[in-house]
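S.K.: If you want the building blocks of each chain, they are given just below.
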Amino acid sequence: MAQGTNHEDSPRIGVYICHCGLNIAGVIDCEKVAEAFKDYPGVVVSKDYRYMCSDPGQELIKEDIRKYNLNRVVVAACSPRMHEPTFRKCIAEAGLNPYLFEMANIREMCSWCHTHQREAANEKAIDMVRMAVEKARRLQPLETIEVPVTPKAMVIGGGVAGIQAALDLADMGFKVYMVEKSPTIGGKMALLDKTFPTLDCSICILGPKMVDVARHPNIELLSYSEVTSVDGFIGNFKVKVLKKPRYVKEEECNACGACTEVCPVEVPNEWDMGLGVRKAIYRPFPQAVPSVFLIDKDSCIECESCVEACREQGRDAIDFNMKPEEVELDVGAIIVATGFDLYDPTKAREYGYGRYPNVITNLEFERLVNAAGPTGGVVLRPSDGRPPRRVAFIQCVGSRNVSAREYCSRICCMATLKHAHQLKEKSPSTEVVVFYMDLRSFGKGYEEFYRRVQEEGVRFIRGRVSKVLENPDTHNLVVRCEDTLSGEIVEMEFDMVVLAAGLTPPSDAEHLQKALKISRSPDGFFLEAHPKLRPVETHVPGIYLCGTAQGPKDIPDTVAQASAAAAQASIPLSAGKVVVEPITAQVNEELCGGCRICESICAYGAIAVVETERGAKARVHEAICQGCGACSGACPSGAITMKHFTDTQILAQIRALTVGRW
Amino acid sequence: MKEFKPLIIGFTCNWCTYAGADLAGTSRVQYPPSIRLIRVMCSGRVSPEFILEAFKNGADGVLIGGCHPGDCHYLRGNYMALRRFLLLRRLLREMGIEPERLRLEWISAAEGGRFAEIVKEFTEQIRKLGPSPLKSGALRRL
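So the sequences go chain by chain: S and V. Take the position in the first sequence, starting the count at 1, then add 166; the result is the number in our numbering. Position 63 of the second sequence, counting from 1, maps to 46 under our numbering, and the rest follow consecutively.
Just chain S, with the same shape it has in the complex:
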């Protein structure tokens, strides 16, 4: 089909300028803009209206399509990324092909960003509408393409977010692959002792869910595995996953633990934040899922004592020659639940973390107070193993600080209140002081918990700590701070200082962002498609977010968001098919010289040059074409173009701005 002027079937264009209340009309004179197009060639009707996207607004367009026999519609309003689908649907309901619609973004790109330059904004709005009209005149009807959906999902990350999302989808009947980079699922929640404000035992509520994941017939768990690449599109993703070698056969190991007992190597245990030790062959913690040991090859001395011990148990689970294995998965939807890393408090040098042994993080405190931790749940200070009598908590370490992280990490206030309570519970005479800027106890039951902790005798001093000093003889710590309520400088001595370190995106977020082609916000967390209305979707259809991967949040919010992401992901999975935009490349064989430049440029292999009766010609495989248009940008003869973004259309937009202007 030839593109170009011969397709401009006497356009009858309707132009609609939206006031969007005062969002647009507060800056731009919408009536004047509409007026400017009343006698414009091809425009049959030009109107302004208060809310085009409202029901009466859409009715207005539909009525005009019938009344004036319109065959093209232009709406000047918000971003097409917001309401293009709305208006496409609207004109389709009136019998027009939905692709005969064009939008001028006079809100986000005009009234909102040129608020105080009314005259220039008006001029720009008229330019933008003229561009849209000139493009609309050249629009061609397109038929959407339906593609089947692989009814399987992949969940990346096995913390409480990933676990909830995977279980929900699996219960709906979909096959789910859970990919977890650590040797066990459970995430950060598995390391916690209690959860605020109910003081539920963390592993007691999470452990059964972890076991459910392992046992669910619809879930395939790929632990100790990482996503290396993701190709394809909604409904049809192709994922490559690298399974790292455990050096212990998952199907053979029965987790008897005989290997660990004989292993002579002891190294700091990362699951205890390095406060305790583990062996070179180990299981992260007793509730680990899968309940399988692994060998840390970096510290293993290959004495093979574990191999002997395993054989004595009548098994042969250890294999030193295990190699990394690449697995390919076909999935229809992807949920990103990769969680967070703790802010590195060595960057806040004034608090002395890493230099003073008795300055610890909130997550380290969590391990000390945990019965499964290195001290069996007795809080002891690292320098001498004695129980601390005076403990300080410093809030907002790394958070709410423009030179570190600007955002509030949202969980540290409540985590500290919980820790303070636990200290008072175990030993009521312990002196506990919390240094804070603001205490944010906003969730259900949180404020009540704050009050309870106050009543337990915990002292709260409002002020940001300027310095922590150590007495090198006693390893006691002096905290210096301005009490901003009294205006006095306070200096107090403590046995231990706990830093409420904030949340940061995990270190591998960048790798995943590139693999998935999704965006991150300036804080580094993954960006949702819309902050209010599409909080669990990404800009890439078929990829969803939940938990702290999207931003700091507590466990209830994480679980709610995980269920929301599962529900969103289930939409394409249960529909069984998705509609793909018919924006694909198109070859005009009359012009194509078969030079093969497009073939070499296409990143998807969607173009093949074939021999025809009239010589070599490029052919596009529409189901593979993703619609980027790199081929048409490179074609030297103008033979290949993009539907809906044709050369003719774009050149017309350029001319609409320039020709006759000077």
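Worth double-checking, as some hints may not be accurate.
[To be verified] Covered by chain S, according to a simulated footprint, are these stretches of chain V (three or more residues, beta-carbon under 8 angstroms):
1. -7 to 3
2. 20 to 30
3. 39 to 46
By construction, these hints were calculated from the structure, which means they are not laboratory data. Computed from a predicted structure; not experimentally measured. Glycine is no exception: its CB is placed at the ideal position from the N, C-alpha and C atoms.
Based on the hints, put chain V in the right spot on chain S.
M.R.: Same frame as chain S, now just chain V:
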């Protein structure tokens, strides 16, 4: 003399820079009203023809906006844009157009502030360069 109001045409990819410009708007970040955006799906779509057409008709500046290297929604379209950009700058110089009038910027969907900054800075730069030498119509025969 009439005040010089620069006209910049921006070709921006749907996924990163166009979304970044949307964010500048939703965040109410203010920038000069000199730029008009043409949305394409990928910066790799931008044919040299579009840029030459813009300059031929008297545009004072052209901005191509794509995803950061490695972030292209279509794997490597932005690299195509980069290659063409580098060649076009040389071509423009041959044609007597200051190459600084053509800019390529990587602006992500999260960089609304950066989009505004770039438009501000580019507008200033164009203002210093003055109106496009092609405004006179001298090269309109091209």
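S.K.: May I ask which of the numbered hints given earlier this structure violates, with the numbers listed in increasing order?
M.R.: Per hint list: zero violations.
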